[in-house]
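Enquirer: Sequence order for the protein chains is A and B. Going by the numbering used here, the letters in the first sequence line up with residues 809 to 1302, in that order. Going by the numbering used here, the letters in the second sequence line up with residues 809 to 1302, in that order.
Hint data in this document are derived by calculation from the structure and do not stem from the laboratory. Hints may be right or wrong, so weigh each one.
Below 27 Å or equal to it, Euclidean Cα-Cα: the simulated DSS-like pairs (lysine-lysine) are [as the list claims (entries may be wrong)]: (1) K939(A) / K820(B); (2) K821(A) / K897(B); (3) K1014(A) / K1009(B).
Some chain A residues well away from chain B (every beta-carbon gap over 10 Å; in silico) [to be verified]: (4) I831; (5) L881; (6) A904; (7) K931; (8) E996; (9) V1037.
Here are the computed distance ranges between Cβ atoms for each label pair [unchecked claim]: (10) P1244(A) / K1020(B): 52 to 58 Å; (11) P1011(B) / D1029(A): 52 to 58 Å; (12) R922(A) / E1058(B): 54 to 60 Å; (13) G1177(B) / N1031(A): 47 to 53 Å.
These numbers come from a predicted model, not from an experiment. Where is the CB? At the ideal position from N, CA and C, for every residue including glycine.
Number of protein chains: 2
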Amino acid sequence: MSAYQQLESIFKKTHHLNHLHAIVSWDEAVMMPPGGGDARAEALGTLSSISHETITQPQTADWLEQANQDNSLNNWQKANLKWMAKKYKNATCIPAELVRQITQASITCEQAWRQMKADNNWKDFAPLLEKTLNLVKESAAIRADSFKQSPYDILIDDFSSEINQAIIDPIFTELKATLPAITQQAQERQKQISIIKPTGKFPIDKQRELSKALMQAIGFDFNRGRLDVSHHPFCGGVSEDVRITTRYNENEFISSAMAICHETGHARYEQDLPTEWLHQPVGQIHSMALHESQSLLIEMQACRSREFMDFLAPLAQQFFGEQEAINPDNLYHLYTHVKPDFIRVDADELTYPLHVILRYELEKQLIEGNLLVKELPAAWNELMQKYLGINPKDNYALGVMQDVHWPSGAFGYFPAYTLGAIIAAQLFAKAKIEYPDIPQQLAQGNFSHLYEWLKNNVHSKASSLSTQELLTQATGNPLSAENYLQHIQKRYID
Amino acid sequence: MSAYQQLESIFKKTHHLNHLHAIVSWDEAVMMPPGGGDARAEALGTLSSISHETITQPQTADWLEQANQDNSLNNWQKANLKWMAKKYKNATCIPAELVRQITQASITCEQAWRQMKADNNWKDFAPLLEKTLNLVKESAAIRADSFKQSPYDILIDDFSSEINQAIIDPIFTELKATLPAITQQAQERQKQISIIKPTGKFPIDKQRELSKALMQAIGFDFNRGRLDVSHHPFCGGVSEDVRITTRYNENEFISSAMAICHETGHARYEQDLPTEWLHQPVGQIHSMALHESQSLLIEMQACRSREFMDFLAPLAQQFFGEQEAINPDNLYHLYTHVKPDFIRVDADELTYPLHVILRYELEKQLIEGNLLVKELPAAWNELMQKYLGINPKDNYALGVMQDVHWPSGAFGYFPAYTLGAIIAAQLFAKAKIEYPDIPQQLAQGNFSHLYEWLKNNVHSKASSLSTQELLTQATGNPLSAENYLQHIQKRYID
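Extracted from the complex, chain A is given alone in its bound form:
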């Protein structure tokens, strides 16, 4: 075997371990009874250590060096080698014991968070969060040294590869400068529209059927995936077996229907990845900014469009019967209604980026040591007041304790949501230029041209290109908020 092939076999092994990790983590969120938590955390800690040992085995460095001299590699293999080297460097910086501690602390913290959030119990949660944060900081500091980047850039890169504060800051500055005013204008404009809320009970089994019908329309492959219920909607599992979840409230179906569209956007990206590269780093998705772009493209650009409501309204009527509120125009008003509120996952398209920017600014300070965990609730409330004009006070479940990210150790993830929204607008604008009938197709629940374009320009590339290269090849431009701001202007102001 060549050095490159040796490396492929190492990373195939870690791919199998990632498979187990993904399924067991899905199980933890969807199936596991509370009493199983400690044993699960320990088992996952051991799994992370083994993954780490596998990548950092003594021969890897030599093989990486030899493979770098290998002139026979094609472009995908070269890109794969780049990912391997990056993963190796990331892994060798950090002692296996620290990796194990991070995994275990974050699982324990996340498990405790579920109950403590329900109990609005910041006091007992804070020390667990602090422990997780400190371990994440320790890992980031070690790697910052080795990669010659700032610790927070290292963490952003963990989730959105090759994205950093230098790329994010000007974009977020532009959004902070424009969104509050647009939000106000949109709120003024919507005063002239009367919106009707659908009333009655929307039985959960009917909502599940509607969910499946939407997934079918968007093209989810049920032979390689499932739909279940969890605390927060998410897309998990593995590309060959994608697990999406949602939650239902029998008093309304509006939220769960759109959560399904969002998660199905994630799922199709996974399901469309090129099979022959799935076992290798280059075949996986390393940019959560791109991943979120695929869910937000489906949710925000396609499924919240006025055109899609022509498909959604009659579909919803099939399951819930006819009522005045379930008509295309009214649904569109509901799905584009703007109202600053406390919860990020329930936020509208205009205020969502402000929720993200708040978290971005706070986690940056936490990682840099300029903010302590005990100071976090006050800092949170101050920024909520500043950006959204509201204050959750000591209702932590509506404030600093609302998200799973920090308790699970995912510092650096949040920017991906708003970058994803921006990329989604950029890709969708280009797709519509190449296939002008996309809006008419959406009105019929037909996603075929949209996905033809996405498969060719995004999904089939997996991680063979950087986010900037991919965007440039697909749209002619690197990351830019231009199409996003045009989209916002058109939907909420014109």
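Given the coordinates of chain A, assemble chain B onto it according to the supplied hints.
Expert: Showing chain B alone in chain A's frame:
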């Protein structure tokens, strides 16, 4: 760390890997969509290899030798060391590659079996079974050489430690000599009784509620376990998170109610194991004969007793309404009805051992090379005719393809069912001597004295004793069919 402590840390690691294996295997049977199968098989193959490498790492042999000289070990530690040595010897005999092949072949075979059984497709199934069998034979032959035992004894020992053909043969011979006649007598006797089948629809959500009420009565801890639906009922997961499954048929509730009692018997054994030893081999259950004894004690001895029907009948009425058939006497007749039939898992208490003996005799020949896979259907049908007087002919789903065991590579498991039934009778007889009110308690759905005795005499021992030692300490006698035959006589003939 002492050598013994080093070994404990190795086996703690494999315990964590077993945890992942158990959860992911449960997922495969209960949750996984068919398209996820290939990737899952590969990931589990890798996990098995890692487990194998962990146990067989170079230092293990030295540590075992040093720990053997360690005079400070207590009895549990000594027993633990014995299990470690046995696992090490088993693992070092076999190349890691063979372990990986067995795991992968059996997962592939089991996955294919699900569909091929539904299609009655023996032709395409046979080569997959043959591949699995050959790999199992290869592993058994290597270990037989090293342990100086016959290959089939090695496989029996894999599931029911320290049980072998020398123990089984006289017992099975006795059963073959008595059961067919008792079956005939019982069938004669029951002609005089008129049995009424409950009629109507028994909605699945109501059956689920009944199942949970039964689990509650038997003492299942829902904080450390779940109930779900699968193709075949089973008990999986880990001691801290026990997953039992059943299947429902809305035309009758009789089968699912008793399947639940059976699986809850397994589950309580797992949930009652001593917490401080769970991470080590001595803290786990290595005898499926004992495991089956706990499910069959609950199902056959306790829950099919006339006394328990006084609890079950009014409980079932709560969920399904009153009808003539749901009365204690009639339920008892239903639950003790005897009728030779094709399917083992649906068999009555009297013919079940004959199903097991048939499989025991066939798999012994398969492993010894005296029977080929292609000859299996004819041999199966011949023995069915001989022992039960019926012949499934070329309906393989009613014959040789009915069980998951062989496709999943579990040759040597079957004797555990009938040994379990015998141990169950032996333990129950003794428990009733020490707590004579157990039958009256069961009539009220109260399992407290029964479980007090079982916890003290069985569950708290985990694997610190051999099956024969445990039985002798608990009942005064080693394994014997005496109580079992008395029980059969009393229930079906007197």
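Enquirer: So which of those numbered hints doesn't the model satisfy?
Expert: 4, 11, 12, 13
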